[in-house]
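Asker: Chains as they are written, first to last, in numbering that gives the first Met the number 0: chain A, 0 to 678; chain B, 0 to 502.
No wet-lab data here; the hints were simulated from the structure.
For each residue, glycine too, the CB sits at the ideal point set by N, CA and C.
Some hints here could point you the wrong way.
What the hints assert, rightly or not - Negatives, chain B to chain A, calculated, CB over 12 Å:
(1) 43
(2) 200
(3) 236
(4) 399
(5) 427
(6) 497
As the list claims (entries may be wrong) - Quick list of in silico lysine to any residue cross-link-like pairs, SDA-like style, CA-CA up to 25 Å:
(7) 169(A) with 410(B)
(8) 573(A) with 173(A)
(9) 455(B) with 163(A)
(10) 450(B) with 561(A)
(11) 608(A) with 456(B)
(12) 623(A) with 380(B)
(13) 222(A) with 172(B)
(14) 608(A) with 367(B)
(15) 450(B) with 113(A)
(16) 623(A) with 17(B)
(17) 623(A) with 366(B)
(18) 450(B) with 457(A)
(19) 222(A) with 420(B)
(20) 608(A) with 380(B)
(21) 608(A) with 172(B)
(22) 545(A) with 607(A)
(23) 623(A) with 416(B)
(24) 455(B) with 113(A)
(25) 623(A) with 456(B)
(26) 222(A) with 410(B)
(27) 169(A) with 413(B)
(28) 169(A) with 366(B)
(29) 222(A) with 419(B)
(30) 169(A) with 293(B)
(31) 169(A) with 53(B)
(32) 455(B) with 310(A)
(33) 450(B) with 173(A)
(34) 623(A) with 420(B)
(35) 623(A) with 446(B)
(36) 169(A) with 362(B)
(37) 545(A) with 457(A)
(38) 169(A) with 446(B)
(39) 222(A) with 53(B)
(40) 166(A) with 413(B)
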Amino acid sequence: MNFVEFAWLIPLIPLAAFLFIGFFGDRTPEGGGYVAVGAAALAFILSALVGYEILSGTHGDYYYDSIPWLTISNGVVLNFGLYLDNLAVLMMMFASFISMLIFIYSIGYMHDQGDRKKRYYTKVSLFLTAMLGLVMASNFLQLFIFWEIVGLCSYLLIGFWGFRHPKGDKASLAAASAAKKAFLVTRMGDVALLAGLFVLLNAFSSLDFVTLFDPANIALVDKSTLALGSLLIFGGVIGKSAQFPLHDWLPDAMEGPTTVSALIHAATMVKAGVYLTARSFPIFVQSTDVMLFIAIIGGVTAFYAATMALNNMNIKRVLAYSTLSQLGFMILALGAGGYLIAMGVADGTPITGSKAFGYTAGVFHMMNHAFFKALLFLGAGSVIHAVGTEDMRQMGGLRKRMSVTSITMLIGTLSIAGIPVFAGFWSKDFVLEAVMVVAEGSGVAAAIFLLLYILALATAFMTAFYMFRLWYMTFGGEEGEASKHCHGESEKVMTYPLIVLSVFAALSGFLILFGFNQALTFNWAGPGSDFVIGGGGYGMMDVLEKIFTSPFAYLAIVVAVAGFYAAYRMYNFKDVDPGRFNKDGESAMYQLLQKRYFFPQFYDAIALKLTYPVALAVEQVDRKAVDGTVDGIANSLTGGSQMLRRIQNGFVQTYAAYVLGGLLLLFVAIYMIGYIGGL
Amino acid sequence: MTDYLLSMILFTPLVGAVIALFMAGDKLKYARWVALVFSAIPLGLSLLLVATFDNNILGYQFLEQYTWIETSLLHMQYMLGVDGLSLIMVLLTTILVFLVVLFSWEEKERPNFFFALILGMQTGLLGVFMAIDYFMFFIFWEVALIPMYFLINLWGGPRRHYAAIKFFIYTHVASLVMLIGIFALAFQAASIEGWSQLSFAFTDISGVAFSSGFQVLVFGLLFFGFAVKMPVVPFHTWLPDAHVEAPTAGSVLLAGVMLKMGSYGIIRICLDVLPEGAVAWQIPMIIIALVAIVYGALACIAQRDLKKMVAFSSISHMGMVLLGIATLSDIGIAAGAFQMFAHGLITAVLFMVCGIVGHNVGTRQIPLLGGLAEKMPNYAAFMMFGFMASLGLPGLVGFVAEFNILAAFYNWGLAEGVAWVIVIGLASLLLTAGYYLWAMQRSIFGPVTDKVDVSKVHDVSVYEGVSLAVLCGLIALFGIFPALAWDFVFPVASGLAAVLGVI
């Protein structure tokens with residue numbers, strides 16, 4: 000028996016939970032919370048079994064199965080099916096696993112939400128369904144369908160407190176607005192993705208991965224068409240994974256419950272974009288320009304988002320910016336790795352070993368990030384739950400009152416900051432390494448990648464700084480205003496998931512040493528039968544040797560430690576006043592960061608100053624010009640408004656008589672014509 | 000029994016209408032039962048029709064043909080028949096009428112007249128989709144108009160008289176232009192083929208080789224008649240007025256079925272009989288469609304009345320139908336027809352939702368609403384479902400239509416060397432999401448409004464809830480299994496595109 004034959008059940012399990020909770024949730028304990036947890040657990044177990052089969056190579060490179068869904072033209076069939084390879088099962092496993100932990104945690108976190116719990120568990124179950132459906136999809140259309148349902152779920156959950164907010168009406172309005180913004184901004188990317196689908200559908204007459212990724216089919220399609228399709232698809236990634244310039248919805252999305260933030264940032268939603276980039280690699284690598292573009296977007300986002308985390312006082316917002324920044328890292332790694340592969344594709348040289356590592360680095364970082372970011376958000380939720388505020392200035396000194404949360408958060412912080420042996424260290428080092436490999440080449444592109452490397456290094460410094468700043472402001476030093484009211488450590492149902500996640504956040508990096516890099520390798524037979532891209536034969540010692548003989552690895556460690564040290568001096572030891580650098584918050588730079596580089600205003604201007612006035616103008620034209628003309632013609636034909644008023648006053652018979660008379664005349668005329676015409 | 004199936008579906012509602020009329024006085028309370036029974040029978044029969052329809056046969060099935068008027072000059076026939084396209088429109092009509100009757104279950108004002116008009120209108124609507132004779136087509140086209148006029152005029156809002164007469168005159172003028180086109184077809188056909196009698200049968204006329212000049216001219220006449228009905232910008236202004244004033248049941252049937260008569264006519268008559276005309280008119284049709292899509296969406300953003308917003312969204316979405324048809328490709332025509340079906344289901348939910356808020360809260364003005372999710376949670380859920388379906392959320396029926404329409408449009412643009420025009424279609428998707436989400440943000444989210452008294456507001460009633468739930472179920476069903484409807488229209492579209500493709 001093969002487990003993959005039951006893989007189609009995996010998204011259906013949380014879907015069944017979604018329906019069950021939707022109908023009967025209020026009659027089950029915790030508003031269906033246990034059902035949601037059970038469904039996620041079951042989905043995870045099945046994913047793990049399927050994952051084992053796929054990763055152990057039982058089914059070759061991938062498992063594919065599909066049924067026809069819609070015949071849209073002669074010979075053009077849209078299918079519905081499964082495409083399971085290393086990447087897909089990796090996503091399935093960590094999405095369901097982390098969702099399960101978040102759902103368990105939610106039972107404690109959402110406990111006092113009363114009748115809203117049902118709504119919450121319905122939506123998160125659908126969220127997991129959509130994410131699993133997305134990563135298991137066998138074609139771009141199916142992926143797009145679930146992609147949009149993921150967007151819908153994020154809309155519903157960000158706006159979860161869009162009415163009857165525990166903190167009052169203003170917060171309700173903010174949540175409703177944030178939900179709308181998330182949907183609309185990501186939809187901007189989505190329509191680009193949709194256009195990408197049209198381009199590919201037109202070029203390949205199919206959207207199936209097996210067809211589109213076949214080198215023989217790719218060779219038949221014009222390179223510029225592929226590049227156009229790639230860029231449009233990447234547009235979807237920019238929206239979903241909140242890359243510059245469609246990133247601004249993510250900080251606002253913090254209006255949702257903290258567990259939702261954890262879900263969006265770790266297990267679902269934003270990871271979908273990175274997944275799509277990795278998934279579309281066979282098409283993306285047909286053009287070096289596309290890959291360069293992707294790398295630039297990733298690098299810019301990583302740096303730019305990190306700056307905004309430096310001076311933010313809201314614990315969730317800092318984490319939101321850090322997610323943006325880390326996503327940038329993943330995209331940067333994929334872009335850098337893909338750039339080399341694209342060069343290989345262009346001139347027919349195989350790319351192997353450490354040169355093919357960009358893809359691995361991006362996907363690996365995505366997995367590690369899932370663990371430490373879920374941990375950090377849930378930890379932040381635990382703190383917020385205990386102190387009742389998100390403002391870090393009112394926290395502090397929570398180390399003693401919340402020991403489990405503080406220790407697990409510290410592990411998460413060490414991991415994201417890239418301190419050696421924690422998970423984040425390994426993958427971040429790979430990311431930097433992947434960029435450096437390209438930067439060592441020659442030409443303009445190499446110069447750009449060198450710049451991106453410097454940006455990434457600066458980002459690594461900032462990451463360590465703002466994360467330790469967050470930790471010290473929350474857990475270190477004197478007790479703040481809100482800390483004094485803290486009721487102590489959260490209950491076990493919340494702290495146990497933290498402990499489990501912290502184990503992964505600390506240790507998941509070691510996987511790379513045990514052959515896991517093979518599982519994360521981009522295995523794809525490129526054009527020409529002898530051209531194989533992959534990391535083949537890159538074992539534990541190779542990895543260790545590569546990292547610990549490279550001066551750049553030490554540079555990354557030094558930078559991370561420097562970030563930690565700066566935060567330590569400013570926020571723990573406190574002999575350096577952070578106000579020195581920004582005129583106590585008065586400097587223009589400080590304000591610029593606080594205002595998010597005026598991006599919210601920019602979005603608002605497009606909506607309110609551009610679109611809305613145009614809409615109002617259309618409305619005026621419609622009423623005055625178009626409809627006015629109609630009324631004018633009617634009035635002049637019926638002898639002025641007097642006549643029209645008479646008709647309107649109910650002289651329908653008169654009008655009906657006109658109509659009948661007219662018809663009769665018409666008939667007579669036609670009959671006459673016919674008669675004269677001799678018919 | 001399938002020999003008379005179409006006639007039975009067609010005239011059962013008319014019989015019901017007459018019976019309902021007699022339910023006056025103390026029998027008034029039975030009017031709705033009559034309506035329910037006489038709308039359930041056509042629904043059941045049309046399901047039977049779908050079940051016995053043979054999708055492998057091209058052309059019309061369940062034919063009924065009798066001579067009606069036979070003179071030395073005229074050969075008029077009673078001719079009914081359905082193909083895949085008419086089939087799904089018949090199904091849509093019977094579903095919507097049945098649900099509208101259920102939705103209006105608690106209609107208090109002269110329910111006998113009210114339900115009689117709805118059933119009478121159903122006969123007109125069904126006749127348009129079943130007739131395969133131009134003269135009958137035209138008669139049913141006009142028959143459908145009159146009950147709608149009275150529905151708006153008698154059960155409408157404050158400006159109902161103006162809206163009703165405007166609706167009637169506007170669409171009637173268009174009908175007359177169309178009639179001229181139909182006569183021109185019949186005369187020209189007789190003259191080309193040398194028939195001694197005028198025949199209006201589809202089957203006779205669609206085989207005639209009209210000259211190109213004639214095709215272009217008559218296409219214009221017919222297209223105008225149909226385009227007003229769809230409606231397209233700039234001949235649309237009767238629609239928002241009619242919708243704003245019409246009772247919910249009227250709006251549902253108006254937007255859900257009646258608008259489709261226009262696009263149905265374009266596919267059935269214009270494309271089939273006048274292929275050269277269609278090719279000549281392709282660019283104007285595409286431009287008109289794009290204008291309608293974007294103009295309608297922009298106008299939606301500016302609306303304050305929820306129902307008027309939904310009315311303008313119909314203009315935008317019917318523009319999508321035209322865009323699909325205008326690509327003259329198999330995907331495009333099939334997707335346009337599918338969009339007719341999809342929009343029928345979705346817009347029914349939208350107008351029901353608008354009707355409920357107007358009835359229960361007392362206002363449909365978006366700025367006066369707020370926090371309805373708290374006061375009316377089921378209502379908010381239906382509204383969100385409807386809005387999401389309308390903005391093309393994948394997994395629901397509207398997405399399948401929009402995806403294929405835009406895919407066909409992209410294919411067309413690429414072939415013509417203007418692939419960038421797809422941007423206009425895509426921008427409309429953004430605008431659509433924008434106005435729906437903004438409307439939801441202001442009406443169902445946020446604090447509960449204090450601008451109107453909502454202390455005694457109650458949620459959706461059982462009858463309203465059931466009809467909405469059934470519609471939502473169908474929207475999901477056809478979204479997940481679109482082939483259920485698509486496979487009926489595709490052969491028709493493919494046949495038309497094959498002819499159009501060689502011109």
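Asker: Can you confirm whether the C-alpha distance between residue 623(A) and residue 446(B) stays at or below 25 Å?
Answerer: Distance of about 35 Å is beyond 25 Å: violated.
Asker: When you check the alpha-carbon spacing of residue 450(B) and residue 561(A), does it fall within 25 Å?
Answerer: Since the Cα atoms of residue 450(B) and residue 561(A) sit roughly 57 Å apart, the hinted pair is violated (cutoff 25 Å).
Asker: Is it true that the CA of residue 222(A) sits at most 25 Å from the CA of residue 419(B)?
Answerer: Roughly 18 Å separates the two Cα atoms, so the pair holds.
Asker: If you draw a straight line from the CA of residue 545(A) to the CA of residue 457(A), is it 25 Å or shorter?
Answerer: Since the Cα atoms of residue 545(A) and residue 457(A) sit roughly 22 Å apart, the hinted pair holds (cutoff 25 Å).
Asker: Check the hint pairing residue 169(A) with residue 446(B) against an upper bound of 25 Å on the C-alpha distance.
Answerer: Satisfied, since the Cα-Cα distance of roughly 8 Å is no more than 25 Å.
Asker: Checking one constraint from the list: CA of residue 623(A) to CA of residue 416(B), max 25 Å. Satisfied?
Answerer: Violated, because 37 Å separates the two Cα atoms, which is more than 25 Å.
Asker: Need the status of pair residue 608(A), residue 172(B): alpha-carbon distance at most 25 Å?
Answerer: 40 Å, violated
Asker: Checking one constraint from the list: CA of residue 169(A) to CA of residue 410(B), max 25 Å. Satisfied?
Answerer: Cα-Cα ~47 Å, so violated.
Asker: Given the hinted pair residue 169(A) and residue 413(B), is their Cα-Cα distance within 25 Å?
Answerer: Violated: residue 169(A) and residue 413(B) sit about 49 Å apart, past 25 Å.
Asker: Regarding the pair residue 222(A) and residue 53(B), is the alpha-carbon distance no greater than 25 Å?
Answerer: Cα-Cα ~45 Å, so violated.
Asker: Is the Cα-Cα distance between residue 608(A) and residue 456(B) 25 Å or less?
Answerer: 36 Å, violated
Asker: Measuring Cβ to Cβ, find out whether residue 427(B) lies farther than 12 Å from everything in chain A.
Answerer: 9 Å, violated
Of the numbered hints listed earlier, those contradicted by the structure are 3, 4, 5, 6, 7, 8, 10, 11, 12, 13, 15, 16, 18, 20, 21, 22, 23, 25, 27, 30, 31, 32, 34, 35, 39, 40.
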